[in-house]
Each structure stands twice: as structure tokens, then as C-alpha cells.
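Peer 1: So the chains spell out like this:
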Amino acid sequence: MYAQMVKTDAPRVKTLDEMDPQERSFQERIDQGQKIEPKEWMPEGYRKTLIRQISQHAHSEIVGQLPEGNWITRAPTLERKAILLAKVQDEAGHGLYLYCAAETLGISRDEMYEQLHSGKAKYSSIFNYPTLTWADIGAIGWLVDGAAIMNQVPLQRCSYGPYSRAMIRICKEESFHQRQGFDILMKMVKGTPAQKAMVQDALNRWWWPSLMMFGPSDDASVHSAQSMAWKIKQNSNDELRQKFVDQTVPQAEYLGLTIPDPKLEWNEEKGGYDFGEPDWNEFFEVLAGNGPCNAERLGARRKAWADGAWFRDGLTAYAEKQAARRAGNEAAAE
Amino acid sequence: MSSEWPLWEVFIRGQHGLNHRHVGSLHAPDAEMAINNARDVYTRRNEGVSIWVVRSSDIAASSPSEKGPLFEPSNAKVYRHPTFFDIPDEVGHM
Ligand SMILES: [Fe+2]
Ligand SMILES: [Fe+2]
Ligand SMILES: [Fe+2]
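Here the protein sequences line up with chains A and B, keeping their order. Under the working numbering, the first residue of the first sequence is numbered 1, with each subsequent residue one higher. Under the working numbering, the first residue of the second sequence is numbered 1, with each subsequent residue one higher.
Simulated from the structure, these hints should not be mistaken for lab results. What you were told as hints is all true, and nothing was included just to trick you.
Straight-line C-alpha distance at most 30 Å; calculated BS3-like pairs for lysine-lysine:
hint : chain 1 : residue 1 : chain 2 : residue 2
1    : A       : K35       : B       : K77
2    : A       : K303      : A       : K122
3    : A       : K122      : A       : K14
4    : A       : K243      : A       : K190
5    : A       : K231      : A       : K35
6    : B       : K67       : A       : K48
7    : A       : K7        : A       : K172
8    : A       : K35       : A       : K243
9    : A       : K14       : A       : K120
10   : A       : K39       : B       : K67
11   : A       : K231      : A       : K122
12   : A       : K35       : A       : K122
13   : A       : K81       : A       : K196
14   : B       : K67       : A       : K231
15   : B       : K77       : A       : K39
16   : B       : K67       : A       : K14
17   : A       : K35       : A       : K14
18   : A       : K263      : A       : K243
19   : A       : K120      : A       : K7
20   : A       : K172      : A       : K122
21   : A       : K35       : B       : K67
Here the structure is a predicted model, which is why all the values come from computation and not from measurement.
Between the sequences and the hints, there should be enough to build the whole structure, so can you do that?
Peer 2: Take a look at the structure:
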């Protein structure tokens, strides 16, 4: 989802008997629910997979600021503007918590930025869709942050200490995000018919991309099986998608909206909804860089990085000058 | 070509009377900016009354592989725990 389709390099999941003693004791610690901490021994595949997963997650938080940032200057009231600003600032914070967690695995911040800017690293497909109206801001909080919560809550229990702690901080802040979105929509559906239509239109455009956030079915994926054995993934993509649909449909009904899926139907037997299949071709296209806003999003990140270079260098030069001056003063005082 | 800002570890005192606790890390060019950034990154919801920042490179840490030699000596001293001693019920609270 925020980290969609993370590869593990594993041809298949090893059994305990096939592991050497070091790897075996590592796996046993994970099976017992112990946390793995930065400097401890870990299999190379675990380290690499975590770097991919956490950095993808971090990039998603950072790029995810862009679609919402588009509406900060256009928010309908000063209060909505302040709230949206605070929400987007939280997302920047989420990105920073996660980059720090990834850095404990031995990759530098600049390397991660470089991977994002060069297009090597991925970020969630959802942020490559445009925010056309104010209702989109409501829909993002409600659906996108809602889907993010579905995925992030179980990750609080993940086996890698720094990642798990970052997720705990993030989850504490997400419920504000979802509620502010839903609140925007509650207000709009009570407005004029045109405003209500705007909300329905936003739902029509965001529904399927939100379901795609969980990634394609991975019940048969060796990567997912390996990630689950390592406890850096807790649920299958389909499981989380089902939970999301079951939670969201009644909320849409409350708003008086129609989910844009003719196949959506309550299934008494399974105690959940049946629903249609997202267009996975669209998903793979967006992931490959061909979504409606991929070029714009990456362009904005690259520009921000390049335009900020003089500022980063200036602060470094100032810090060095201050340190040299302090050292000079100390030498003179001796 | 810019060089990366150094990494700082951030410690926050959550309330008066509690210890500072490690909350995470961040990059900043100097201590003053590290504190400013720590405020924005780690205390957006009144999480703290005081912030410490320490350059990550200035922290000396025990290594996980020394865990045995480092902590086993104290594991052996079970008598340090009050439950080691059986005090008869008649003695009352002790
Ligand atoms: Fe977030
Ligand atoms: Fe988010
Ligand atoms: Fe969020």
C-alpha cells in the first residue's frame, strides 16, 4: 500500500532446518515476538527488504504532501486552511520518522533521495492522481488516510524496532487526518446540490485508486510469504482490502453517497462485502510512471531538492564558520 | 555538490519530573537548528517540555555481541531482588 509490492530477493521461504545457526536463532527470535534492533546481526535479505519497504513508505509520505498541498492556498476558510496545513505538516513528519528508521539499516538520507529523484525507488500509486476540487481533499483524508491506517496499525507490531516505533508515532496522528477529511465531506454533502455532486464525483475518482493502494492479491506471492515470516508484513493485501471496504461502505452510506461499483453487495455468509476487481492494468501503468501526475510529482520533488541546495549549503557553511570561531576562541583562552 | 547534514539524536522530556527519553533522530547543520527541527518533527502535539539533541557520532554504544559478558554478571546476582528472601507471613509487611 504505502509500500506496494516490495520484493524480498527470496526464491522461497526457508524452513528453520535449512538455516545456518545464526539465521535460525534470528528467525526464532522473530517467531517469539522479539524486536530486532539496528546494530544486531540480520540476514542481508531482511535488511535490504526493510530498506526498500521503509524508504518506499517514507517517499509516499513526502510525495503525498503534494496533492493536498495543492489546496492549502485555496481552502474555503481560514480554519480549514490551518487544519490542512497541520495535516500536511504531519505527513512531512511521517516521512522524516521513516527516513530515520531506514537510515539505521545503513543507507544514507541522500541515497534515498537520489533513488526517489532518479525514479529508481517507488512511492504509493495513489499520489499520482490529481486533486481537482476541494472535495478531493475530503476524499483523500477519508479514503487514502483511511486505507493507510488499515495498513499501518498492524505494522506497529513489526519485528524491526525503529520501524515499529515510527509506526506507533504515525498511527497516533493518523486518526486526525481521516476525521478532518470526513468532516470536510459531511459539511459538503449538507450543502448545495452542486456541492454534494462534487463529493460524489470525488468518491467516483478516488474509490478504485484507494482499493489499489493495498496492491494486487498476494496470497501466492513468495515475497509476501517471506515478509510475513520476518514479521515486516502482517496481513495479506486482500485481507486488508476487504477490511477497508467493510469499514468504508457504511460511512459512504452515512454521507448519502454511492460507491461506484455495481458488483458491491453484502455477503451475509462471509460477513463482509463482495466487490469488483480494480483495474490492475491502470495500477501497473501508474506504478511504471504513466499515471496522470507522475511526471508532475517527481518534477516537484526534484525541483524542491535542487532549489534548496544553496540553502542547505549555506547552513552548512554557517555551522562550520561558527564551529571554527568557537575553536579559535577556545585556543585563544588557553 | 552538497554534503549531508549531520545526524542528531533527539531526547524529549515528556512532562516535568520525568527523564528525557530518546524519540528518534534528524538531520540538521548545527545544534540550534537541530533543536528547532526537533520541535517541529517530534513535539507537534505538546509531547514535551524540554528537548536535548546529541550528535549521533558522539554517542558511544555497547555492542549487541557483548550482551552476554556485559549483563550476565548482574543476572547471576538474584539476591539483589527482594523476592529472593522468604519472609514469614507473621512478620507482616516488609
Ligand atoms: Fe502519514
Ligand atoms: Fe498519509
Ligand atoms: Fe496521514
